[in-house]
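Going by our numbering, the sequence shown opens with residue 1, and the numbers climb by one from there.
Since the hints were made in silico from the structure, they are not lab data.
Every residue, glycine too, gets a C-beta built ideally from N, C-alpha and C.
Mixed in with the good hints there might be a few duds.
The following label-pair restraints were derived from C-beta to C-beta distances [unchecked claim]: (1) L76 - H52: 17 to 23 Å; (2) L55 - L22: 19 to 25 Å; (3) V72 - L12: 18 to 24 Å; (4) D92 - L12: 41 to 47 Å; (5) H87 - A18: 37 to 43 Å; (6) D56 - M1: 37 to 43 Å; (7) G53 - H87: 28 to 34 Å; (8) M1 - I28: 17 to 23 Å; (9) F62 - A18: 19 to 25 Å.
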Amino acid sequence: MNPVNYLYLAGLLFTIGASGVLIRRNAIVLFMCVELMLNASNLALVTFSRLHGNLDGQIIAFFTMVVAAAEVVVGLAIIVSIFRTRHSASVDDSNLMKL
Numbered sequence: 001m002n003p004v005n006y007l008y009l010a011g012l013l014f015t016i017g018a019s020g021v022l023i024r025r026n027a028i029v030l031f032m033c034v035e036l037m038l039n040a041s042n043l044a045l046v047t048f049s050r051l052h053g054n055l056d057g058q059i060i061a062f063f064t065m066v067v068a069a070a071e072v073v074v075g076l077a078i079i080v081s082i083f084r085t086r087h088s089a090s091v092d093d094s095n096l097m098k099l
């Protein structure tokens, strides 16, 4: 498969993720869309790494996966905590930080 096709796929996945973040209001769906955008960027990094013949993009993609895993753990804990207190996972209903 041509590596340029992977870049098109990464662009499509990033667009779907960005539109999901902008359109949806559920916190769980927002998290999944952010993960989709991170995976799209990882795919682009690995593709560019392969095109240029070095491992820098793959190493950065590995670190991005580690940060994404940590983000999911902390984010899901926050979402579950908010859901237990408010009985809703909507980002419009969570105004805990407002004064």
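Structure-based check of each hint:
1. L76 - H52: 17 to 23 Å: Cβ of L76 to Cβ of H52: about 36 Å, so the range 17 to 23 Å is violated.
2. L55 - L22: 19 to 25 Å: Distance hint for L55, L22 is violated at roughly 34 Å.
3. V72 - L12: 18 to 24 Å: About 23 Å separates the Cβ atoms of V72 and L12, which means 18 to 24 Å holds.
4. D92 - L12: 41 to 47 Å: 28 Å, violated
5. H87 - A18: 37 to 43 Å: 29 Å, violated
6. D56 - M1: 37 to 43 Å: This hint is violated: roughly 22 Å between Cβ atoms.
7. G53 - H87: 28 to 34 Å: 53 Å, violated
8. M1 - I28: 17 to 23 Å: 32 Å, violated
9. F62 - A18: 19 to 25 Å: 23 Å, holds
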